[in-house]
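Student: Chain by chain, the residues run as shown.
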Amino acid sequence: MIKNIISSILDIKESYNLKHIWQNLAIMEIKSSYKRTKLGPFWIVITTFVLMSAMGPLYAYIFKVNFKDYFLYIICGFTFWEFIKQNITDFTKVFSDSHGFILSQPFPITLYILKSLYKNILILLHNVPLVVIVVVLLNKNINLVTFIFFIIGSFMNFTTLFFSGLIVSIFCTRFRDVAQIIMSILTVMFFLTPILWSVDMAGERAMFLYGNIFFVMIDVMRSPLVDSVIPYKSIIVLIFLNLILIPVSLFLFGKFKDKVPFWV
Amino acid sequence: MNFIKLNNVSVNYPVLDYYKQSIKLRAIKFLTGGKITTYNDVTVVEALKNINLDIKKGERIGLYGHNGSGKTTLLRTVAGIYKPYQGTIDINGNITSMLSIFLGVNEFETGLNNIKLKAKFLKLSQKETEKMIHEVSEFSELGDFLNMPISTYSSGMNVRLMFALATYSVSDIILLDEWLSAGDENFAPKAEARMQEIVKKSGILILASHSMDLLKKICNKIVYLEKGSIKKIEANG
Chain A
0 MIKNIISSIL
10 DIKESYNLKH
20 IWQNLAIMEI
30 KSSYKRTKLG
40 PFWIVITTFV
50 LMSAMGPLYA
60 YIFKVNFKDY
70 FLYIICGFTF
80 WEFIKQNITD
90 FTKVFSDSHG
100 FILSQPFPIT
110 LYILKSLYKN
120 ILILLHNVPL
130 VVIVVVLLNK
140 NINLVTFIFF
150 IIGSFMNFTT
160 LFFSGLIVSI
170 FCTRFRDVAQ
180 IIMSILTVMF
190 FLTPILWSVD
200 MAGERAMFLY
210 GNIFFVMIDV
220 MRSPLVDSVI
230 PYKSIIVLIF
240 LNLILIPVSL
250 FLFGKFKDKV
260 PFWV
Chain G
0 MNFIKLNNVS
10 VNYPVLDYYK
20 QSIKLRAIKF
30 LTGGKITTYN
40 DVTVVEALKN
50 INLDIKKGER
60 IGLYGHNGSG
70 KTTLLRTVAG
80 IYKPYQGTID
90 INGNITSMLS
100 IFLGVNEFET
110 GLNNIKLKAK
120 FLKLSQKETE
130 KMIHEVSEFS
140 ELGDFLNMPI
150 STYSSGMNVR
160 LMFALATYSV
170 SDIILLDEWL
180 SAGDENFAPK
190 AEARMQEIVK
200 KSGILILASH
210 SMDLLKKICN
220 KIVYLEKGSI
230 KKIEANG
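Protein chains in written order, with numbering that gives the first Met the number 0: chain A, 0 to 263; chain G, 0 to 236.
Careful, some of the hints might be misleading.
Stretch by stretch, here's where chain G covers chain A in the computed footprint (C-beta under 8 Å, at least three residues) [to be verified]: (1) 90-101; (2) 253-262.
Per label pair, the in silico range of CB-to-CB distance [to be verified]: (3) H98/A with I197/G: 24 to 34 Å; (4) I150/A with G155/G: 50 to 60 Å; (5) A192/G with P128/A: 19 to 29 Å.
Everything labelled a hint here was simulated from the structure, so no lab data went into it.
Positions of the beta carbon are idealized from the N, C-alpha and C atoms, including for glycine.
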């Protein structure tokens with residue numbers, strides 16, 4: 000068991016040393032998906048803004064809440080949800096999409112997971128300026144401390160996503176149906192997680208939301224920006240989750256990583 | 000001192016066809032109390048069987064065999080991509096694996112930008128990058144086409160650029176899967192000259208091909224592979 004964990008750690012360390020490769024691969028991937036467009040990756044921001052401008056007024060009216068507060072709430076929630084969702088979606092096919100590389104270059108296998116995560120962080124960074132502008136305009140209570148907690152929350156999510164990526168990618172490569180199962184779960188979770196609706200709407204049952212990992216992950220990034228509060232509960236839940244997730248994912252990844260070239 | 004030592008290496012290939020890769024059947028098996036036992040065993044193909052090879056510095060090994068004889072699998076195993084289930088591999092030296100030259104290329108970018116991208120993968124400095132651009136553009140004879148997206152290139156131009164990029168930086172041990180013969184007639188002698196140059200510079204070369212002529216021209220030792228095992232090893236020249 001220790002042997003598997005160590006072999007995973009060595010794989011990650013080796014990948015880290017090759018950061019010039021996965022970083023450039025990620026940039027190349029973003030560029031080629033916006034090939035020949037005039038605005039390039041800024042379409043990401045435009046898409047978010049258009050969607051929010053359409054949904055904001057409608058849902059604010061349906062839920063009978065203040066439009067400004069609601070707009071701020073969903074623009075943050077939706078951006079962070081898209082980030083988490085896109086990461087997991089990409090992890091499900093990360094190895095099968097890079098099979099050409101895997102079968103011709105002896106790179107450590109975590110390189111592809113880091114590439115995928117890095118690509119989505121770059122996409123998130125395109126959206127962050129828009130989010131920050133909206134936050135500064137609509138939230139009068141924003142201050143440096145809450146902003147720092149937003150950054151801490153973001154890094155906690157990067158860590159959580161990376162280690163869940165180790166498990167998701169391996170399982171989805173071996174069992175191709177798992178990817179489909181994960182996609183259906185994600186669709187359902189969008190509605191079960193307070194993104195369009197707020198936590199207070201859940202009333203007494205808001206407690207149960209802490210069992211929803213997607214809520215916890217969105218909360219550590221959203222609460223500091225929207226409500227200017229430090230989401231202690233979510234941070235604690237996320238730390239405990241990682242205490243279990245990290246060793247388990249390292250163990251499973253170490254056990255199966257050598258099989259990946261045979262499975263892609 | 001570069002060397003490669005393969006000691007009794009065997010590689011098995013799991014065959015995960017549509018049925019076996021599906022978790023549904025595992026679930027069905029569980030529900031039916033394990034009656035559908037045929038789905039449980041993973042079929043394997045023995046791609047390499049008890050390979051013993053001792054390669055010293057300066058040797059140029061040609062792997063000869065029909066399709067499916069294990070040439071590519073052996074190259075991938077030496078490269079460290081496939082892990083053998085049995086046996087050991089000792090390698091001293093850095094490996095450049097040129098198993099596929101069309102990788103890491105963005106076809107919607109210009110030739111020039113792709114050279115720069117490759118320079119980033121190789122971690123070259125600004126000055127080295129300029130030197131690389133100069134050398135690659137000269138060797139590939141692309142001229143003004145370097146400022147056009149790769150998707151507009153003819154297949155001959157494409158091969159010239161890919162070849163120039165792939166052979167730009169090489170290390171002690173080179174693994175080559177057959178793609179030498181690609182390219183148009185005028186380019187072939189040039190490509191061959193470049194290959195010979197690389198062969199001289201490298202410590203060890205392993206080249207897989209089913210063209211005996213090519214292997215006899217370049218290699219000084221030929222390994223005959225058949226159904227995953229070594230049939231015979233022959234010195235050449």
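Student: All hints, please: hold or fail.
Tutor: Going down the list of hints, with the structure as the test:
1. 90-101: Answer holds; 3 residues pass the 8 Å Cβ test.
2. 253-262: holds (count 5)
3. H98/A with I197/G: 24 to 34 Å: Holds - the Cβ-Cβ distance for H98/A and I197/G, about 27 Å, lies within 24 to 34 Å.
4. I150/A with G155/G: 50 to 60 Å: Because 51 Å falls inside the window, the suggested range holds.
5. A192/G with P128/A: 19 to 29 Å: Cβ of A192/G to Cβ of P128/A: about 52 Å, so the range 19 to 29 Å is violated.
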